[in-house]
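Listed below, chain by chain, are the residues.
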Amino acid sequence: MPTTPSAHNPEGSPVPDAESAGTGGTALLGRKAAKIDRLAELMGPRDEGTHGAGIWRTAFSRLRRSPMAITGAIIVAGFVVVALFAPLLAPYAPTAQTWGDEVFPNQNIFVGPRAENWLGLDNLGRDQFSRMVIGARQTLLVGVVATLVGFGVGALLGGTAGAAATLGGRWGRTIDNAIMRVIDMMLALPTLLLAVTVAALIGPSLTTVMLAVGIAQVPIFARLLRGAMISQGNRDYVLAARALGVRKHKIALTHILPNSLGPVIVQSTLTLATAIIDAAALSYLGLGNPDPSFPEWGTMLADAQRFLSSAPQLAVYPALAIIVTALGFTLLGEAMREALDPKLRK
Amino acid sequence: MFTKTSRKPLALLASAASVALLATACAESERDPDADTSAPFVFGSAGDIKSLDPFLASDGETFRYSRQVFETLLEHESGGSDIVGGLAEDWEQSEDGTVWTFHLRDGVTFHDGDAMNAEAVCANFDRWHNLSGPWQSSNNSYYWQAIFGGFADNEDEGLPDSRFVSCEATDELTSVITISQYSSIFPGGFSLAAFGIMSPTTLEAIADAEITGEEGDYSLPEYTSVPGTVAGTGPFTIGEWNRDQAEITLDRFDDYWGDPAGFDTLILRAIPDETARRQALEAGDIHGYDLVAPADVEPLVEAGFQVPTRDVFNVLYLAFQQETNEDLGDIEVRQALAHAVNRQRIVDTILPAGGEVATQFHPDTLDGWSENVTTYDYDPDRARELLADADQEDLTLDFCYPTEVTRPYMPAPRDIFDVITADLEDVGITVEAKSYEWTEYIGRTNSGECSLYLLGWTGDYNDAYNFLGTWFSVKNDAWGMDEPELFEAMADASGNPDAEERIEAYKGLNEQIMEVLPGLPISSSPPSIAFAPNVNPPNVSPLTQENFSEGSWQED
Amino acid sequence: MLRFLVRRTLQLIPTLGGLSILLFIWLQRLPGGPEYALLPDDATAEQRAQLRRSLGLDEPLTVQYLAFLRNILQGDLGTSIQTGRPVVEEFFTRFPATFELAITAMLMAIAVGIPLGYLAARRRGGVLDFAAVGGSLLGICTPVFFLAFILKVIFAERLGLFPSAFRLSPGLNRTDLSGFVVLDGLRTGELDVVWDALMHLALPGLALASIPLAVIVRMTRASVLEVLEEDYVRTADAKGLHRRTVRGRHVLRNAMLPVVTAIGLLTGSLFAGAVLTESVFAFPGVGSFVYGATQTRDYPVLTGFILLIATMYVFINLLVDISYSLLDPRVRAQ
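Chains as they are written, first to last, in our numbering: chain A, 1 to 346; chain B, 1 to 556; chain C, 1 to 334.
The reader is advised that the hints may include incorrect statements.
[Claimed, not checked] Here are some chain A residues pointing at chain C (derived, C-beta under 10 Å): (1) V76; (2) G245; (3) A315; (4) F329.
[To be verified] Here are some chain B residues the structure puts well away from chain A; computed CB gaps all over 12 Å: (5) D59; (6) E119; (7) G284; (8) A388; (9) E515.
No wet-lab data here; the hints were simulated from the structure. Think of the CB as a built atom: it goes at the ideal place given N, C-alpha and C, for glycine as much as any other residue.
Using the sequences and the hints, build the whole thing.
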């Protein structure tokens with residue numbers, strides 16, 4: 001197993017100039033950042049001239065043997081299938097208050113599971129199973145869009161910084177420094193707090209949740225992509241391409257970015273879990289989607305807490321769904337990280 | 001000990017847990033208030049108070065506190081809605097209703113030792129009348145403007161002329177208040193908690209108090225947040241206001257002129273979440289709370305708690321903004337909406353027991369309620385027909401509701417919203433949901449930004465005008481309704497000093513309003529309040545104006 | 001050492017400067033500008049114009065930024081829309097409560113997390129390891145507010161072991177010295193107050209502890225595993241040093257450095273988590289106040305809160321760096 005530069009230096013920064021772009025506080029930031037940088041760098045040292053197919057293959061074969069990865073993959077696959085085929089799977093419309101005259105929340109009369117409603121009725125006489133299924137779709141939508149927002153903006157910032165640092169000389173380093181100072185500052189703030197302030201300022205809506213959770217992920221992706229690019233930028237094939245006179249931005253687009261994909265996939269998987277949990281928290285804070293025509297797990301959970309003593313199932317279903325799904329993404333993400341990182345695997 | 005157990009962390013944990021368990025057993029007995037009738041009575045309110053001076057406030061939580069500390073010229077009978085004497089033992093009005101003579105109670109002292117007399121009363125009214133600068137913002141003098149219009153020297157041209165003319169102390173215990181024109185808001189207006197009478201010493205101390213800052217960013221003067229300056233005549237004095245704990249402590253006033261308070265100490269503590277309030281009561285952390293969720297009533301009663309039900313004195317409605325949304329200017333569309341909503345289901349499944357579908361814009365407990373109003377039964381087919389007649393089969397409406405709030409007339413706003421939305425969609429209307437936090441919601445609905453919205457009203461005093469006049473006396477942005485005839489009839493009714501004629505006029509008005517259908521009255525329902533088993537609760541008030549001095553601990 | 005301290009402290013200036021610029025941009029980017037957030041929606045155009053003037057929004061950006069910076073330096077974060085009182089004052093009165101809660105949560109997390117993480121690493125692959133790792137992943141994936149709610153329903157509502165709300169029982173007589181209830185109680189000897197306060201801290205503290213606990217368990221485990229692989233540990237083992245000496249002197253001490261760092265890093269998350277847990281327990285701290293602010297779009301409070309956490313974070317960072325340099329001379333030389 002090749003030794004990575006940071007193997008003997010867990011606190012130190014694997015990317016050569018990560019510290020110089022720090023915000024002045026190295027130790028704390030170093031830890032959070034080091035984890036991201038470590039991930040960023042993983043694609044680097046082992047691709048000896050090839051396109052790294054070998055790593056992918058070994059990583060995949062490792063994943064296949066990891067119970068953690070298998071559990072995570074099954075959960076995630078199940079969730080995605082349910083979400084994608086939700087309209088086919090849901091027996092009823094999620095908003096139809098078909099059995100509205102059978103539940104009396106004001107007298108604590110609820111309807112539990114029965115033949116026609118597998119999970120019973122919610123407090124307004126809607127089919128709970130259909131709501132859960134359609135809710136999966138909403139939850140996936142929030143998670144994916146938020147991750148895309150985080151990735152998109154993060155890639156733009158981190159990519160610019162990374163490209164500037166690798167290819168740009170003194171000016172490049174200045175640009176890189178300036179961008180990373182802002183990114184590290186954002187990294188210092190808890191993601192939920194960032195999300196809450198974004199959401200509180202633009203008012204509650206589905207877009208708000210997706211934007212807020214997404215923006216909170218920007219610094220992570222930015223740092224990740226910058227790190228990946230810098231570690232790729234020093235690879236031989238990039239030097240070779242430069243020597244051959246390939247244009248700089250073309251190198252960035254055709255060589256560096258594609259090769260940085262691995263860490264991005266890992267981080268995206270982990271981000272999806274965060275997004276689902278943060279979205280639930282935003283709903284609890286009253287900043288979630290106000291439109292009842294789209295049930296979403298976070299909103300359902302926040303809303304059902306008031307019935308916890310008389311109809312606990314109304315809160316427990318969405319809570320379990322959130323926990324299990326987030327757990328699935330986390331397990332898969334962590335397992336992939338381990339599979340890619342020789343240091344974490346023994 | 002530590003060297004020994006440190007090798008076995010589990011053992012350490014276990015021993016710590018057992019110590020904790022033992023200790024909790026002790027704490028449990030300590031928290032039982034049975035033992036001591038001098039224990040403080042803790043009431044869970046829905047929010048912290050805004051100001052120690054109720055004049056600046058317009059919210060129920062501030063008034064809940066101020067009613068215990070300050071008294072007004074007139075009050076409502078305990079547990080009812082009839083006007084009775086307060087600081088004034090009795091009163092009379094001139095024939096044209098513009099001169100009000102108050103005969104004050106003798107021997108009433110303020111908390112700071114001042115004597116309550118006619119001059120003290122008039123000094124309060126004169127202060128309010130002569131306020132200037134930021135005090136004249138409706139944020140800082142809402143109720144004065146609602147009852148008396150403007151000030152001695154209006155700084156904003158938009159303010160109406162002041163209805164208040166003068167207050168004269170004709171003798172030691174007689175105050176004569178003259179108003180420019182009679183309105184049915186009197187005498188009810190004199191009972192509003194915002195007009196709590198403060199002592200002459202207080203008035204002197206706060207004479208120069210200033211509100212600083214700009215509209216929307218006001219800083220209130222120090223006396224409104226630091227106890228020690230303001231003194232009233234009520235059964236409780238202000239102990240301390242612990243703002244970081246959202247808790248105000250009131251102590252019994254021993255020189256109170258009436259029956260002394262049953263509790264030595266009354267603490268109002270804010271718990272914004274209704275579920276958290278119930279849990280706090282069940283856990284013994286508080287001894288009573290307001291705005292009980294309908295679903296909690298029965299379990300609480302079964303567990304031995306007392307949940308007295310108030311009389312109905314409110315109305316919940318669905319407003320149709322006719323100006324913002326021109327489609328709603330069409331009477332057929334409004335009628336269609338009225339037929340589309342299954343109000344009975346809302347009453348049966350969401351509102352507390354005792355609620356009923358409202359046929360008009362005030363509860364039947366008020367004089368002026370008419371049996372002959374046009375009614376709109378739940379009839380989706382009829383609604384579809386009406387929409388077809390109006391050529392509005394693809395109607396799209398935006399519909400606003402408030403978040404994170406319950407009101408006495410509206411438990412679970414979102415559930416009510418969901419039910420109505422489903423009903424509207426059932427007849428083919430597309431609904432665009434919008435939600436806002438309560439203060440913002442009030443702002444937006446009042447300025448006409450929502451086509452459909454849910455709102456309601458709990459009466460301040462016993463006169464139909466307090467309901468109808470609040471909404472339908474002039475053209476306003478909240479409704480966007482322009483019915484000059486109706487407004488004129490409203491002014492005539494309100495300005496008529498003859499009670500019987502006025503009530504007949506109100507009946508006519510209710511019928512007229514339900515013809516025009518500016519909105520759909522949904523329900524009137526009784527809000528509940530809960531108390532611990534070992535408390536003699538105060539009489540509950542339909543106006544939600546409980547007087548906590550009537551409460552006491554039960555003797556064992 | 002002194003040079004290191006001076007250098008580190010000087011490095012704070014650009015950091016805080018950057019933060020202030022970020023916050024300033026933030027305020028500029030408010031939808032419609034601050035005057036829309038500050039004024040009721042039915043405000044007239046004239047009122048808005050007036051507010052813009054009074055806030056200095058018609059001045060050039062640089063002037064505005066300098067004014068903004070001056071206000072911050074003078075400790076003026078504006079006035080809370082909810083309460084009409086200075087934001088700094090509101091935070092100041094509520095800070096002790098949240099601080100006590102955060103400390104409680106952190107102590108709980110450390111007391112359970114470090115031993116658990118250590119044991120999990122020592123018995124890697126065992127049942128305890130599996131449970132610790134699985135449990136901490138589960139902890140990360142459980143919404144904090146839901147956990148808080150469940151704890152309250154079980155331990156306060158059903159079992160009645162702990163109070164369900166507040167920071168102290170109402171009507172308790174106590175001497176207020178600093179706002180820190182537990183500390184005051186210890187100083188004045190009012191042990192009943194201390195006990196009462198601890199009982200009130202238990203459930204919200206436990207809920208809040210779930211955030212750092214999961215991280216600490218995993219961090220300790222990873223760090224111990226790493227140290228166990230280090231040459232000097234093998235050497236020590238090979239030398240035949242007593243196992244407990246090896247563990248205590250070499251493994252734990254070296255493994256603790258990154259864990260201590262992580263603990264510092266988690267402070268910010270604790271304050272953010274307080275927004276979710278305090279509101280469930282009606283615990284009167286900064287968290288429930290900010291919870292209220294999210295409901296009312298009280299933006300001076302929200303920006304003030306970001307500034308508070310970021311500043312706290314930067315200073316904790318400094319403290320950790322300094323303590324690092326004391327523990328490890330290599331850091332100084334860097």
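- Per the stated criterion, does the least C-beta distance between A388/B and chain A lie above 12 Å, as a non-interface residue requires? holds (23 Å)
- Query: Can the hint on G245/A be confirmed by a CB-to-CB distance to chain C that is less than 10 Å?
  - Reply: Result: violated, 38 Å to nearest chain C Cβ.
- Interface hint compliance - F329/A to chain C, C-beta minimum distance less than 10 Å: Because about 9 Å separates F329/A from the closest Cβ in chain C, which is inside the 10 Å limit, the hint holds.
- Item | Closest CB of chain A to the CB of E119/B still more than 12 Å away | holds (49 Å)
- Task: Against chain C, run the beta carbon of V76/A and see if the smallest gap drops under 10 Å.
- Result: violated (13 Å)
- Message: A closest beta-carbon separation below 10 Å is what the hint needs, so does A315/A meet it against chain C?
- Response: Cβ of A315/A sits 8 Å from chain C, so the hint holds.
- Exclusion check [D59/B not at the chain A interface, CB over 12 Å]: The claim holds: D59/B sits with its nearest Cβ about 19 Å from chain A, beyond 12 Å.
- Message: Would the non-interface assignment of G284/B survive a Cβ cutoff of 12 Å against chain A?
- Response: Non-interface label stands for G284/B: nearest chain A Cβ at 17 Å, farther than 12 Å.
- Against chain A, does E515/B hold up as non-interface, every C-beta pair farther apart than 12 Å? holds (30 Å)
When the structure is compared with the earlier hints, violations turn up for hints 1 and 2 and for no others.
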